[in-house]
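J.: Start from chain E and add chain P according to the hints.
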Amino acid sequence: MSVMKRLSLIFRAKANKALDKAEDPRETLDYSYERQREMLMKVKRGVADVATSRKRLELQLQTLNQQADKLEAQSRQALAQGREDLAREALTRRSAIQQQQTDLAQQHAQLQAEEEKLTLASQRLQAKVDAFRTRKETIKATYTAAEAQTKIGEAFSGISEEMGDVGMAVQRAEDKTLAMQARAGAIDELLASGALDDASGTAKDDITVELERMSSSTDVELELARLKGEITGGAPVPQIEGNATGAAPATEAPAATPEKQGETT
Amino acid sequence: MIVRIMGEGQWTLGDEHVDVLNSLDAGLESAVEGGDQEAFNAALSDLLANVRALGSPLPDDTLAPSDAVLPAADSDLDDVRALLADSDEGLIPG
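Protein chains in written order, with our numbering: chain E, 1 to 265; chain P, 1001 to 1094.
For reference, chain E alone in the conformation it holds in the complex:
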């Protein structure tokens, strides 16, 4: 038998079985209505869960973007200081991060699609549950148990099919969200371990350390040159002092100014 017919029969069999179990079909209506409301809550929770996971991915993407920008800045800085090896290392790391970004962006798109689907499913179910409630009250008010059986059939099968479909959609979304959370957790761990460097800036990566070391050793060299100049008493000394007084004469203490003037004259 054809696929689409077989599937519809499977849904129908489920509905009929539930209906056959009840002695008074009118009781089935109330019971089913309760289950519909539970399913509705479940779908809405599902939408919220997917949204939470989506937001978490967005935060991670943001962190990765900052990290990629930082590595690019580092590679420029390293190149400016003539350290091509460091620049290469920074760019290599940035390319690893770019792969993560692509991966996360794909997952983000998937979650977004799932969220939209579930939101629509929740709207459809809400409309059907409302319609069912009205139908249920009419049937209970109008028909005897025997008459109700035939009146209930279609509405019940219709809502039961929707419940089955929505139930599976929620399940699928849950599975996807769980898989996504596991991966998001792994990325969080990676970020925390410093392998991708923490963008909060608390942990310094080795490229930063190296750049800082280079800049501090440059500072030391400059300082050394200055001290050497002072000791030899040659030309560098007045040059440095001349700069200092020239740059900020107003900030000099008034007492110090005559001294220096005396020195130079």
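Hints in this document: simulated from the structure, not taken from any laboratory.
Be aware that one or more of the hints could be misleading.
Subject to a maximum C-alpha distance of 16 Å in a straight line, what follows is the list of computed EDC-like cross-link-like pairs (lysine to aspartate or glutamate) [as the list claims (entries may be wrong)]:
#, chain 1, residue 1, chain 2, residue 2
1, E, K5, P, D1067
2, E, K117, P, D1086
3, E, K176, E, D103
4, E, K5, P, D1086
5, E, K5, P, D1019
6, E, K5, P, E1029
7, E, K17, P, D1086
T.: Using the frame of chain E, we list chain P on its own:
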């Protein structure tokens, strides 16, 4: 006839389209039986596209069971096999 696409909702189609759907469905069935994932994907997306194009969506508050139910667009062979093998305590809640 009323057709449900799982995860999307229900469509109603005129009787004149039943033959088209049936022949496409036969292709889907042989893909499922032959375990041919590629043919399955093609047949399913063809079938779904026809339902969406030829049918008109039922209003959300309709409480009618479907004459035919089609797997969700992103299903693969295994999903459909599992659906078809669904027993009392199986995949479909309800």
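J.: If a hint holds in the structure, say so; if it does not, say that too.
T.: So, going through the hints one by one against the coordinates:
no. : hint                : result
1   : E:K5 with P:D1067   : holds (7 Å)
2   : E:K117 with P:D1086 : violated (24 Å)
3   : E:K176 with E:D103  : holds (15 Å)
4   : E:K5 with P:D1086   : holds (14 Å)
5   : E:K5 with P:D1019   : holds (14 Å)
6   : E:K5 with P:E1029   : holds (11 Å)
7   : E:K17 with P:D1086  : holds (14 Å)
Checked against the numbered hints above, the structure breaks only hint 2 and satisfies the rest.
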